[in-house]
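Engineer: Protein sequence lines correspond, in order, to chains A and B. For the first sequence, this note's numbering gives the first residue as 1, with consecutive numbering after it. For the second sequence, this note's numbering gives the first residue as 1, with consecutive numbering after it.
Keep in mind the hints are simulated off the structure, nothing from the lab.
With the Cβ distance kept under 10 Å, some of the chain B side facing chain A (calculated, not the full set): (1) 29; (2) 162; (3) 165.
One-sided and incomplete, this derived list gives chain A residues near chain B with beta-carbon spacing under 7 Å: (4) 1; (5) 3; (6) 13; (7) 17; (8) 61; (9) 63; (10) 98; (11) 105.
Derived CB-CB ranges, DEER-like: (12) 133/A - 83/B: 44 to 52 Å; (13) 80/A - 127/B: 55 to 63 Å; (14) 99/A - 101/B: 28 to 36 Å; (15) 73/B - 16/A: 26 to 34 Å.
Even glycine gets a Cβ: it sits at the ideal position worked out from N, Cα and C.
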Amino acid sequence: MDLTLALVIAAALLAATTAVGLLLRRGQGRVRAVDSAASIDPRTLGTGPLGENATLLQFSTELCSRCPGVHRLLSAIADERTGVRHLDVDLTHRPDLAQRFRVLQTPTTLVLDRTGTIRTRIAGAPTRAVVETELDRLHEEAPHV
Amino acid sequence: MSENARIDVRGPRFAASITAVLLLIATVLSLIGVATAHETSSPNGWLLPQVSVVARIVDPGFLLLLVIALLFVWGVASPRTAPWGVLFRRVVRPRLSPPTEFEDPRPPRFAQGVGLFVTAVGLVLHLAGVPWALPIAAAMAFVAAFLNAAFGLCLGCQLYLVLQRVGLIGRRGTASA
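This is chain A alone, in the form it adopts within the complex:
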């Protein structure tokens, strides 16, 4: 193959990779509403109890570079709000949980309501605003006593 064609292929590879990178970055922190009837039993997760009003259930692995940052963000948000708990489940040695919650990337965050039902699924690293919007929405929906 001559050098010109090889350089054209290399330039095309660079352009295609940049496009993939932009697409993947846009997909980070995407929010998806979940319509699920089943509620989560915290005992199956091997964690403490769920939050009284809402739970931020984060899935991580030991090899996830963005998980510690998301952990700090979600913990901070949970600390600021009453009745909101942040649980971080390490899937490194729990493929059964990855299977059950169909987690294909970490971090993945599930927002659970007061009954432990999954309401929102966030794939990738979320922004603070996204998480707070979801929690505000759950708070408004909840019956005020």
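Following the hints, put chain B in place on chain A, whose structure we already have.
Structural biologist: Just chain B, lined up with the frame of chain A:
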């Protein structure tokens, strides 16, 4: 554990930038080398199966990818002493503002292992006389390194859960309850 001491997040991205540049050069070199050359007298039309193993080894694309693969071995075996990390700590970091973000060293180390696997498969197939194995492996490793360097995305780390779910890696630890 000192081995799990947190590292400056900019270190692995600096290393990935150099690796990405080297891999793009390796892709070009292997495209113009013996891996993609045609030979009309060859039964399948490719030159590579016709040449000696020595000729496959002295191809510049093969030699550069071999060097990159050895650097991946170094990065997996001893991340603290790997050359790009040392260069970052000695020369680059003193010129930057103090680190604000730290990360666990295990994800970048795992990613080096994925890079090693991809490049090693390309090198072995090339030695076995498979045309195009070399530029394709170099290009795949380039994609992963470039996404890490430019976007902070770690494909190797993303792959972990997928590999775990198909049962290739990770312990089957369901007996914790």
